[in-house]
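Mind docking chain B on chain A? Use the hints.
In order, the protein sequence lines correspond to chains A and B. Every letter in the first sequence is one number past the one before it in UniProt numbering, and letter 135, counting from 1, is 135. Every letter in the second sequence is one number past the one before it in UniProt numbering, and letter 249, counting from 1, is 249.
If chains are identical, the list can't say which one is meant, so a pair holds when it fits in one copy or spans any two.
Here are the simulated EDC-like pairs of lysine to aspartate or glutamate, each with C-alpha atoms no more than 20 Å apart in a straight line: (1) Lys33 / Glu153; (2) Lys33 / Glu337; (3) Lys329 / Asp145; (4) Lys241 / Glu265; (5) Lys290 / Asp28; (6) Lys329 / Glu4.
No wet-lab data here; the hints were simulated from the structure. Please read these numbers as outputs of a predicted model, since none were measured by experiment.
There are 2 protein chains.
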Amino acid sequence: MEKEMVVGLLGFGTVGSGVHQLIEAHQDELVHKLGRGVKVKRVLVYDLQKAREVQVNPELLTNDASEILNDPEIGIVIEVMGGIEQARNYILRAFEKGKHVVTANKDLMALHGPELQSAALENGCDLYYEASVAGGIPIIRGIEDGLVPDRIESIMGIVNGTTNYILTKMDDEGVSYEAALKEAQELGFAEADPAGDVGGMDAARKMAIMARLAFSIPVDLADVEVQGIEQLALDDLQFGKQLGLTMKLIGRAHFQDNRVELSVEPAFLPNTHPLAAVKNENNAVYVYGKAMGETMFYGPGAGSLPTATAVLSDTVAVIRNMILGVNGKQVIAPRFEKVLKEPEQRNGQYYFRLQVQDRSGTFTVIASLFNKLDISFERILQNPVNESDNSGLAEIIVVTHQTTLDRIDAAREELEKTEVVTGVKSCFRIEGGLNS
Amino acid sequence: MEKEMVVGLLGFGTVGSGVHQLIEAHQDELVHKLGRGVKVKRVLVYDLQKAREVQVNPELLTNDASEILNDPEIGIVIEVMGGIEQARNYILRAFEKGKHVVTANKDLMALHGPELQSAALENGCDLYYEASVAGGIPIIRGIEDGLVPDRIESIMGIVNGTTNYILTKMDDEGVSYEAALKEAQELGFAEADPAGDVGGMDAARKMAIMARLAFSIPVDLADVEVQGIEQLALDDLQFGKQLGLTMKLIGRAHFQDNRVELSVEPAFLPNTHPLAAVKNENNAVYVYGKAMGETMFYGPGAGSLPTATAVLSDTVAVIRNMILGVNGKQVIAPRFEKVLKEPEQRNGQYYFRLQVQDRSGTFTVIASLFNKLDISFERILQNPVNESDNSGLAEIIVVTHQTTLDRIDAAREELEKTEVVTGVKSCFRIEGGLNS
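Pulled out of the complex, with its shape left as it was, chain A reads as follows:
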């Protein structure tokens, strides 16, 4: 048998220990598919003494990154430590030493992906990052290889498991955002500080990485408009149900006529949409290609072994490249300028929940306001807030037809200024239309 391939691990947290475990457990698969084994020679950790759930030979552990980055026997560095600056620094040092890199670091790839890819290319090295988007789901490969001849026009992703878990609980069990978050924290699906997940930034990072790849444009994380689920009211999920709609935190990346639109926001989908069926902590990425039409990749968006599977599938790809002598060839330069769509170029159908004075004439005022802005309605629901309510207020749900975002923004502003409207309680995008 050929000499085994030697790798070094930077980090031994959830993903790192999963990678180690999987390399041990599936060694025979690797030998069969590569004609040689894979050996973890060194593992970088902060604390050599820390008690660990996953068994590891203590002699592999080091707290000195140089023992990995300067070891000529180590051909591949697997970065699963997280964080930005130190990880970036280690990866750049790895490339300088001619080592290939596999990373699961979405924060880093979202911020510094292009820089790292250039550095890889200059040094004739590979940089693979499947695990940085949607955990175990092979979506980077799907975009890069499966859809390579197509023109991808749109990606919609449920790419954050924490928020999808919370929304599933709210939707299925009718519990509040706060209660669902607490349960998610107790079960380990949400962190003690959930801001990065529930605020949408985690999803935004993944959308930036995918958009860059799918559209061949230079995307910055700041190009993604982000809105989280922290303010979400159960009422809206329930009105959505009456309309046949399900609420999800949707990452959207659109590219048409050389203009791009990037966002993460809570949005409604028809119940029949494949993404509406994605429950709990699962992730899915829905891709629309000009030739292909609709396709979707579904699976576990996080977790030790699923993410480790993605890391190791990249490692196998790097090793195959090493055997064939073809590393450092996979980067394709951006092809188009990045021009963001203006609000008047952004189309969508929207849902408004308005709190209004429950008296005759209210509806006429609202209708004429929308009419003045050239926004037409597809559906209107009128619900009293609740039956024992003596406030003299009512709620109206307005579903617009397709219109442009500048008009929606203008409508929000005008509605807030209108006397019979006591509050614009919410406004959400509807993706894919009402079921008729």
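Frame of chain A, contents of chain B only:
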């Protein structure tokens, strides 16, 4: 720019004309991603004079395969003609001439895949076949690359669009099998002779191809047990609904403890299962890997441009290999012996619909029959056939707990012999359990 890559097309039907169209329309994508263009030099057709929907330069057409197979300028042969013997012959001749082959031919790959792969290997050629399974969905890549370090234990596929269209119609609109088939034929989703689709053989071919790859075993098409949807009664779909179940034509491939089980059959899934949401002519493949857990690939299982996208993604892979000089390396030999599971090793939960005499004591007889065979019940529904029925007959739905196939077979046999049972109207597998 580098010299363009020259390909020859064998066949110019739905897929072939889609490939031609896509190469023309997406030439700039190809140039960007390959650093060179792709040119179709010759197209093999039966009838040079036939009127064609897709425009093609008549000078490209030939009815002599040698003009493609013997042309030294053509590096890649794209086989989209279908059929078995002639296609096999042309592909073997292409390999002898050192040409790489991309095929969309599931019939051929299911029957002769291993022979063709050996021939490719011997001649240092590539053989890619993504389009042979589930049209545009990149499932072969998903198994080969994305899940490469994992141990795949199970694949369930909705891999025939015609039958899924028919089942969706029956389920959503309550129409009979015959009416749904007729509609599918009128809309072009079913052929005039639908036997290969509705009988399950088309799905069986795709399952054989995937099982071979996923489990590293030598699978023959004859190893797949096949049952079609021709006998399906609307009644069963409706009783399924009462139980929270959806009927699909499910291809199953299981591999555990070095034993394999392969089948295509109409089976029930819980409504919450990701496969239950796959509607109309769409396909999906659900994969369970030991480390990864559940993942699903969804999309168009047929159609000119989606299938052409898969063919062209393979073509791009072959061209990349040519540029890098690494063709003919992708075949991995089977790793395990093929041992089929015996009925007593095959587990499952089953649904029976029994027509019985509507009198006291009937249920006790049935219960003791199942009890004798050590099969326990999870749920029983008793429905009179219909209210105005004076036949003295009733229907009982029995849902068993997990048991083995030999017991289910024995139960069917015993039930048929039992006097109070006037007929075993149906018996279906339930995949994934009842929702509780």
